[in-house]
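> The lines below spell out each chain.
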Amino acid sequence: MTCNVLIAGVGGEGVLFSSVIIARAANFEGHEVRGTQLHGLAQRGGAIPTHIRFGKKVHSPLIPRAQADLILALEPLEAARFCYFAGKGRTNFIVDTYPVKPVYANLFDQPYPTYEKIKQMIDPFAKKYVFVDASNVCEQKLGDPVDGNMMMLGVAIANGMLPLKKESIIEAIKRTAPKGPDEDIAAFRMGLDYKG
Amino acid sequence: MAFNPDLLEKEGKKVVLLGNEAIARGAIEAGIGLSACYPGTPSSEVGIALSSVAREAGFYFEWSTNEKVAYETSAGAAFSGVRALTAMKHFGLNVAIDSVLPTIYTGVKGGLVIMVADDPLGHSSAQSEQDTRFYSRMGLIPALEPSNAQECKDFTKLAFEISEKHRIPVILRTTTMVSHSVGTVKLGKTPVPKTKGKFVKDPESFYCIPPALQKLHERLIRKIDAIEIEYEYLNKAEGEGKTGIITSGVSYQYLKEMENDLNNLKGVKIAKLNMTYPISRSFVTKFLKGLDKVFVLEELEPVIENFVRALAKDANPRAEMHGKDLLSRIGEYNPETIQAALAPFLKAKKPDFSMHDAYLKKVQLPVRKAVLCQGCPHRSTFYAVKKVMGDQTIWAGDIGCYVLGIQEPFKMEDFIVSMGSGLGIAHGIQKVSDQKVVVFIGDSTFFHAGMPPLANTKTHGTKPLIVILDNGVTAMTGHQPHPGSDFTGMGEKRIPMKIEDIVRSFGISNIRIVNAFSQKELQLAIKGLAGSNELGVLISRGLCRLYMRRLLKKQGGEFVKFQVAPGKCRKCLECVHHFACPAIIHEGDKVYIREDMCWGCGVCAQICPVGAIIPAARRKKK
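Each protein sequence line maps, in turn, to chains A and B.
Last residue of the first sequence: 196 (this note's numbering), numbering continuous.
Last residue of the second sequence: 1622 (this note's numbering), numbering continuous.
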C-alpha cells in the first residue's frame, strides 16, 4: 500500500525541508519513493503543495485526487486549499496554527478565516484532524518558529499518521542538516511527546 | 537545499533525488569534464547540483551569461573531445538555438548533451507553453525523454554514449513533473572525469559553408537514420491486447498509476517511447499491427500522434485513432485526466469528484499569489517609480523576480515577453508614440540580453527611462552568480563587473546609481532622470534580501526588525494598500508588522506619512 503525504504551506516555512526528511526516512526503510518539489516562482510567497509518496511500487509523482493519507499543513489556510487531494475516511490532517495572511487578503481587506471555519471546511474530507500550535511552541522553546515543521512530523508519527520509524526520521534529519540537526531533532521530539 | 550529499554517494546505493539532481548525477557518471548553464526554472537544479559538487568531483562548472554562451562553451569542450552538458529551460533553447543548429551539422568529438525542460501549465514560466520537441524535428536533433528520476540519471548517461558514438549533440527533454519530481535512484559508477582535450582542425566536419554544407546535411541524415535503427530497443512495449496506448514521459507514469482504476488495463498494450526523436518507425509499425484502437497520450502538441497517424496509414489503416480529440493541448496532465480520457473505452468508471468540485466552488479562500518577498529591493523601486511617474506611464517588463511587479498593487509590467525584450519593445513604442515608457530590467537579464537593445536604443535615439534592478545575483532561480556577482559557479571569489561602467561605455552619461532601500535617493534620482532630455539610466542597487538573509544567517546575524509604534498609526493604510509588504498585516482595525517575517529593509518606515513605523528592540534568541 502506498502512503501519500501532501505537505502544504507557504514559501520559507520549511515545506521542502520536511519533504526531504520524509523522502530520506522512507528510503532508509527500503520503500520506493516518488513525489514532487516545485521550485522557482512558486516559492515567492505562493502556495506550495509538495507531494511525497512511498511504498512497494509507486508510479506517479503526483498523489491522485482524494488519495492523500496525510496532509501536513504548515499554514491553516493551505490545509483547506488542498482538500482537493483529501478523501473522507482516508485523509488525516495535521495543521500548524501559524497563519500567514496572504498579501492579497490585506490588499482587499479580506479577513483571515477563523480556525473554526477552517475546521468546518476540512471536516467533510477528513478522517481525523489535529491542530497543533507547533511554530509558536518552537519559537517559545527553541527560539525559531521554523522548527515547527519537525514538531509536526513528530505529531504525525506519535499519532500513527505517518508509517515511518522515528529513528529513520532522526537519521534523515542528521543527513539533511549535518551542520545543526540539534534544534530540528529537539522539535521532532517535542512533537512525539505532544499531547493535544 | 542547495547541497545534497547523496549526489556523490557510492555506486549501488539507493538514494532519493530530484529529477534534475539525477540528471546531474547521470552527467557525473558519464564523466563530464565541463558543464556550462544559465539558470531557468524548471531546469536550474541541474546546474545547482553540478555547481555544488564540481570541485569535489573534479570537473569545471560555470554559470554562463546566457544559454547561447553556455551552449557554445559546452560545444567548445565537446569539439575538443571533452564530454560536456548544458541545461536550460525551454525558452533558453530559443536563445541557444542559433548555435545549436549548425553544431548538429558539424557534430562533436566528445559527448554533448543539451538538457531542456519544458513547463506545461507554466508553473514558473511566463511567455508560452512551448513544446520543445519541435526543435528536434526542425534541426534533426536526437532526443531522449525520461519519465522519472531513475530514468533521468540513466538516460543522461545513455545520451552521452549516443552523442559520442554518433558524434552528434543529443537533447534530454523533460517537463516540470519530471525535472521537479523526486524518486528513488540506484546509483552507478562515477569515473574520474576527463577534463583536458585538444581541438584538432577538421575542415570536413567544421566548415559548414556551401558546398560542404550539403555534404554535412547528408551526413546528418545518415546519422539520424542509423540512430533510429540502432536505438529501436530503447522503446518498450508491455501488455497484450487489441487496444494500444502510445505514450512517453510522465504521462506513462500517470497511466500506470491508474491501472487499477482502468480495469487493470486488461486487453491493453502499452508502448513507452523513450527516444522521441527519431521515433523508430519499425517499432511503431510492429506495435500498431493488429490493434483495433490506438490512443496517444502526450502533453502539449500532438507530436507523437501526428507521427503515428501518418505511419498507421500503411501499418494499420483500419485502427481507430485517438489523442488530442480526448486530451487537451493546453496545460499539464495528472493521473485523473488520463483516467477520465481512457475510462469510457476500457469499461472503467470515470472518476467522480463532484463533492470536491462543489466544495471548491463554495469555499472562497483568499488567493495566495506569488509576490515579491518582504524586504525585496524591487518593491521599494517599484513604489518610488510609481510615486514619481504616476499611473499613465507605460511599464516595459522583463524576465526575473520583478515579473512579480505585475501583481497588485503595482501592476507595473504592461508586457512581459522574453529576456531583454522590454527595452527593445520600448524603443519600438517610442518610435511610433509620444508616450512615456519606463523599462525595468534586472542585472542578470542585463548581462543575458540587455546590452544589444541598449546599444540599439542609444544609436537610434529614443529615450525610455531605463531602470536596472541590480540585486547582485540571479535571484528568481536561487541566487546564481552573473558577471556582476562577486563569486563564480565554482565557488571562487571574483571582482564583479559594474553595470554602470558598461552603460557609460555605450556613450550614455545620464546615469544615477542609488540605494534601492532609500526612497529619498530613489525618488530624487527618478525626478531628475524624468525631467532630463537625454536617455537616462537608473541603477537601483540593493542586494536580494532573501540572499542577504542567507548570508547573514551563516554568520549568526539577524536583521533589525521594524514595528508599528503603539498609538501612532492613523490607519491611512498607505503601507498596506500601496507598499504591500507580506510582513505588514491588516486585520480588523489593527495594522502591525510580523516580527518573524520582517527582514528589516526599513522602507515602510520611510513611506509612513506619520512616522509610526520604528525599529523594534532586538529579540533575544533563546
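Keep in mind that the hints were calculated from the coordinates and are not lab data.
Errors might be hidden in some of the hints.
What the hints assert, rightly or not - Keeping only pairs whose Cα atoms sit at most 25 angstroms apart, straight-line, the calculated DMTMM-like set for lysine to aspartate or glutamate is: (1) A:Lys56 - B:Glu1009; (2) B:Lys1109 - B:Glu1029; (3) B:Lys1014 - A:Glu171; (4) B:Lys1194 - B:Glu1072.
> All the hints need checking, so say for each whether the structure fits it.
We went through each hint and held it up to the structure:
1. A:Lys56 - B:Glu1009: holds, 23 angstroms
2. B:Lys1109 - B:Glu1029: holds, 18 angstroms
3. B:Lys1014 - A:Glu171: holds, 15 angstroms
4. B:Lys1194 - B:Glu1072: The hint holds at about 19 angstroms.
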